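S.K.: What follows is each chain in one-letter form.
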Amino acid sequence: MNHAPLLSLITFLPVIGMIIVLLLPKGMEKAMKITTLTVTFLQIVIAGVIWSGFNYSLGGINDPNSFQFIEKFRWIELTGVAWLNTIKIDYFIGIDGISAPMLMLTALISFIAALSSWNINKAVKGYHAMYLLLVTGMMGVFVSLDFFLFYIFWEVMLLPMYFLIGIWGGPRKEYAAIKFFIYTLFGSVFMLLVMIGLYLSCQETLAAGQKVFTFNILSMMDPKNYTATGILSPLNPHNLRFIAYIGLFAGFAIKIPMFPFHTWLPDAHVEAPTPISVILAGVLLKMGTYGILRFNYPIFPEITRQVIWWIAAFGMINIIYGALCAMAQKDFKKLIAYSSVSHMGFVLLGMASLNTIGITGAIFQMFNHGTITAMLFLIVGVIYDRAHTRGIYEFGGLATQMPIYTGFVTIAFFGAIGLPGISGFISESFVFLGGFGFEPIRLLTILSTIGILLGAGYMLWTLQRVYLGPLNEKWNQLQDLDGREYAMLIPLTIIVLILGIYPSFMLGLMNTSVNALVDFMAKSPQLFSSIGM
Amino acid sequence: MDLYLILFYFFAIITLVSAFFVVTTRNVIYAAFNLMLTLFGVAGFYVLLGADFIAIVQLIVYVGGILILLIFGVMLTNKITDTDIKSGFLNRVPGLLIVGTFAGILIGTLLKSTWRIAAPLPPPVAGLVGIGNLLMTEYTLIFEILGAVLLIALIGAASIARKQSN
Amino acid sequence: MTDMSTLSTFLTHIGLGHFLFISGMLFSLGIYGVVTRKNAVMVLMGIELILNSANINFVAFARYGNYGFHGQLAALFVIILAAAESAIALAIVLNIYKTFNNVNVDEIDKLRE
Amino acid sequence: MNQIPFIPIALIILVLPLIGFFFTLLFGKKIKQMYLFETGIITTALGLSIYMAFMKLMYYANEKIVSELTWIDLGSTKAFGKISVDLGMMIDNVTVLMLFVVCLISTLVHLFSIEYMKGDKRYNRYFSYLGIFTFSMLGIVFTHNMLMMYIFWELVGLSSYLLIGFWFEKKSASDASKKAFVVNRVGDFGMLAGILILFANYHTFTFDKVFAQISQGVLPFNSEFWLTAMGILLFCGAIGKSAQFPLHVWLPDAMEGPTPVSALIHAATMVAAGVYLTVRIFPLLTGDALLFIATIGAISSFIPATIALTQNDIKKVLAYSTISQLGYMVMALGVGAYAYGFFHLVTHAFFKAGLFLGSGSVIHAMHHEQDIRQMGGLKKKLPITYTTFLIFSLAISGIPLTSGFLSKDGILASAYAFGNLTGYKIFAISGFLVALMTAFYMFRLLILTFHGEPRNEEKYHHAHESPALMTMPLVLLAILSIFAFYTINPLSAQTGWVLKDWLKTPASVVPEHARYSFMVQKHDEKPEAAVKHEEAVAEKPAAESEHTIIHSEEYTEALHHAHYPAMFLSLAVAGLGILFAFIMYFWRKINADKLADSVKPLYKFSLNKWYFDEFYDFAFVNGTLLLSRFLAWFDSTIVDGIVNGSAVVTRQLSKLSGLFDTYVVDGLVNLSATLSGLLGIFTRKFQTGKVQTYIIMVVFSLVALLFILMNYGI
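Chains as they are written, first to last, in the working numbering: chain A, 1 to 533; chain B, 534 to 699; chain C, 700 to 812; chain D, 813 to 1526.
In isolation and in its complexed conformation, chain A is listed as follows (with noise of 0.2 Å):
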């Protein structure tokens, strides 16, 4: 460890942050919300410091000499303890190809939500304070390279996420947080089976020669890491990886959120505020399917090959069956939230393809996913706190009411129905490309492909709805962006804008590591699959 801690300052900025929040007496809201936006903005040099120092031709995945930013030592150790000696958790965390962009849309996302949060109010101590919180964990669990530090993130996270849409949602934010907070521990509490699982079947042999049990899910990556008794052991004849796979994915799935485990999403966008939403849809969601391309893939490839066509068959019923229901909706962040997940289906589906084009298409479409909908998100929020409603049919011909906003809309919506030279396009047509280059998910690619003409149904419907069409007098008084809003979306706006142009900035920070993936996937289920049975 030869650099300066990039990954931890990166991750345990918003604690100090926090810490300073809440140090900061009642009366200065203000620095609360400067310190947050510093903290954030902070964050992002780090994460251009980080990309700038990112060696592009390390793979990563399942070798942890080629993960960059490294940073190991024993967290914990306790000998002597029962039949299992040595329990020892590493805190290891690094990132590679697959993981740096997810840290960079982090970074990005927490700032733009950041200066949403300018207008929020209400105990704005406590907000700013559990905002910084769930950064940490968020950027926590995208460095983790340790099965139980990933847990506490995970875990990290859940929390503030609970009392930001419960404190600060809508009418019924009390419901939707429950909600989210039930379903999410539902998932979590799968994963920590698991984790406990794999943790008693893999060892990790020490400098010293010495076995000890471990968390590092770089090992649980080589089969010859695992024991012949251990109960998701591939040795043992009877192990339980299956059960172990679906347990894991469905934690996973949650989180996605996948058909049929989706209904949280809808309610939780609805109450929590815009900036919440935009974190939600922006990064968390990116979680799910993050996880699974990081654990789910190289710990149970043989199983992954197994399920492949069902992951793509869930995938294209979150294309259709999202893109179905956002059309039949009235209320305007519904539809935004079945909207993503139609989006996050395309992300299955190209992770379900096995191959780069597919892969890549996955993670660009997750970074992308990101900035868009964050950009919706904020689009609803600006027109919800002037008008304080998000009726769908309540509106109409804001264009010509607030022309400037109008453009970042168009924008926007034609970014999430996959028009060229807007980012979306590239992740989209990628999925489609991988996924039909793959036998046998050919046939859900072309039915996925109808999401792409619903996609642009119910996306230009809501254009007309809202913003074409006879002005309503209602609105006559709406006021256009304002230099706060200016600041939210062109940042997002120009990212969205330079990757559809040029997605070879974000393709090649992933590039290496989605070749390793894709053939890390293309030999290891014979490895897996010839130890054991």
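FYI, nobody ran anything at the bench for these hints, they're computed from the structure.
Possibly wrong hints are sitting among the right ones.
[Stated by the list, open to error] To spell it out: a stretch of chain B is covered by chain C in this simulated footprint if at least three of its residues, at any positions, have a beta carbon under 8 Å from a beta carbon of chain C; those stretches are:
| # | stretch |
| --- | --- |
| 1 | 551 to 558 |
| 2 | 562 to 572 |
| 3 | 576 to 590 |
| 4 | 603 to 610 |
| 5 | 639 to 645 |
| 6 | 661 to 674 |
| 7 | 685 to 695 |
[Unchecked claim] Below 20 Å or equal to it, Euclidean Cα-Cα: the simulated EDC-like pairs (lysine to aspartate or glutamate) are:
| # | chain 1 | residue 1 | chain 2 | residue 2 |
| --- | --- | --- | --- | --- |
| 8 | D | 894 | A | 439 |
| 9 | A | 330 | D | 1452 |
| 10 | D | 1412 | D | 1429 |
| 11 | D | 982 | A | 473 |
| 12 | D | 983 | A | 439 |
| 13 | D | 933 | A | 439 |
| 14 | D | 841 | A | 480 |
Just so you know, these numbers come straight off a predicted model, no measurement behind them.
Ideal Cβ positions, reconstructed from N, Cα and C, are used throughout, including at glycine.
Since the structure of chain A is already known, use the hints to place chains B, C and D on it.
M.R.: Below, chains B, C and D alone, put in the same frame as chain A:
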């Protein structure tokens, strides 16, 4: 040798007798003065045990500080015009019973136990140097914390005492 | 000052038990004081006795067990804490006096409610 | 290799409108003169494109200039090999011709719009939209691969959305723009599927590389069926964009946009993009695919022609005629008449743009009146517009000396020859019928608008000839509708330079037995050709000279035979059509209303556009909406119901366990509480609240403890 024995019993008698008076006398002022005698006696034991420095501290802090403080307390909480600065007792009988039993058990234990003692007792190491070294090395942290505690106690005492007057 | 070698002989001769006996008696008397006294200041004096008995134990065990200065330091710290404690206690006593106009602990039974 | 830097010039031409778009959009609000900047930029692009077209056609007519760069490089994996996505430009004769058409019409429309749109509150925005449209259209023109085609295809869709919905305050306009985009998406859906097949099999999007692989016998999924399917799916994009049956419904609605936009997008360029796409993928189309395309083309030319007969909105008539003419082009490609199809695209672009601009001029003069029943007698008021409109009408009807005659006659002759060769005579028959109807409805329009007595005196009174900036484009386009620009022989285009030197049918690359028989070369050039192909793949897959196999001699022969009969027939039907129009509307020998009454069901059917919209609304739009409402209900009631239900069940269970808890568990607890309460009453005696009592107890306990320990412990 006899001198030491005499000294020991002298201190013992002073200590115990005055301590007895401390807990039995009705007059608070008497009690305070008897306490002073007890403290002197204990200081004497320290000297016999080779702990010169502790003996000196005992005299300075206890006799010079705490005792004066106690007397202040007595004077502040009893109206000066009240001529009998006396105080009563309660629970006398159960207290006596229990304490008696306790003392009995204590002394019984004392007699029954065998103590691990360094066989030929080495001569005592005199001087402040050792204590100073330990304070600055091994016990630095405790030392510092105690400093802080004292400060906090000081401020706390001042603030508690002031509070009500506002 | 005292002759060191003869003092050691004396201590060996007289034994640890004597010191412990005295400290035990002091302790018992202290408790008796704490338990039976009405006046809060008197209770404090009892506590001082208890502390002193403990200090004697520290010093005596360290001397007989040949533990160097560690016992003495413990005693020293106890003294310091005693000072702090008595300062606080007296402040409280003063406050109690201001509130109840006396310092008789038997009349202060707010704890009962 | 080239003295002329074609690629840099092409790049400049491509980027110029984009620059125009950005600057006009950003500064349009502040600087009122921004539209001049945009117009200037387009004019510059036109100048460059004329230069380029001239140089290319004159000096490098047989060369194909290709330039490409890697856009996205995805590295390589062991399992899938190297994957990268290239972007590139290709300049051949078709490119430069199309380029010229696009730039010219775009420039003219810009000029025309300066007057036509005057006073609009989003004046500069309009010009910036024209800029992005031109940019996207040029992207389609220059592309050498399918992906870039798709990208610009969608961008064209976007700009068309923006332009159709330019007056978005009108609900009909925003409806129309939405409809256009979504209907186009339906076509794109097929096109995307085609692209997926293409990429999955060839790992490239580049036309030439795909052609090279196909000619070496690499078939999608190793079956000719999929080759046909791929061709048809790719063509689906063209169905959408070129408004072919069954996706033609958006085009008439798109007339809600400003009229110059209709001229630019919905007559000359964007809708021609579909044809252009078909031209580009022509070599990979199998015989079956071509037959499908020809069928679509024939249907698309026939149905709208019947609808156009009865429409009363001047722009609607032109819109349906556009669909019909596009159908002609598609049909021409389908029957293998590649050159004529594209040629008709060019000539049609000029005269249809002219017709739309002319109608724009009329509408402008009539203060936005579009109903031809309100017009009449405008000949005197609008002499220039009338003259040019007449020329365009003649051209579209296929009267000799016009460009339209050349291309249309060629198409009809090809269809005729095709019928003779393969037996599918239906294409020729439908072609002639459409020609008849075209002549009729065009002259109906012309007569009702310009001749006779004014039917609306007030509007007529205020009508005036449009300013020079609007008539100048009309005149220019009228000139370009004269035969002399394409050939010196007014009766046959075959000998003209466009067809003889510039447009050459590329060789089909599909396996020979999958082609039309007449596209297979009979004489034994084959082995040599195969060798040449391999070289071509290795050396320069894009070279034009390798692709000179066109049709068998049999076909040339048939075409030659078909030429004169087809020409006379087409002349006859065109004349007949015009005659009918004059009889009915000029001389009024036959009462049009009575005739309509006598065939009322047919008339209604045509007037209501064959009820396509109603059918689609019923079948697809409502179906989807119904499905979506059902799913939303399903989602909130069933799926979420299960979630909430499980919550309710859990709550009930917890209530149950709560009851158990209260009465059973808690009962025990309460019992013990009562007991301890009793105990408490007892022990309360000890609780004096005095510290000292407590201390006594502590010491007592300590004593007890010590006692116990001493006796039993230690």
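S.K.: Confirm or reject each hint.
M.R.: Verification of the hints:
no., hint, result
1, 551 to 558, "holds (count 4)"
2, 562 to 572, "holds (count 5)"
3, 576 to 590, "holds (count 11)"
4, 603 to 610, "holds (count 6)"
5, 639 to 645, "holds (count 4)"
6, 661 to 674, "holds (count 5)"
7, 685 to 695, "holds (count 7)"
8, D:894 / A:439, "holds, 18 Å"
9, A:330 / D:1452, "holds, 17 Å"
10, D:1412 / D:1429, "violated, 24 Å"
11, D:982 / A:473, "holds, 15 Å"
12, D:983 / A:439, "violated, 45 Å"
13, D:933 / A:439, "violated, 54 Å"
14, D:841 / A:480, "holds, 15 Å"
Of the numbered hints stated above, those contradicted by the structure are hints 10, 12 and 13, listed in ascending order.
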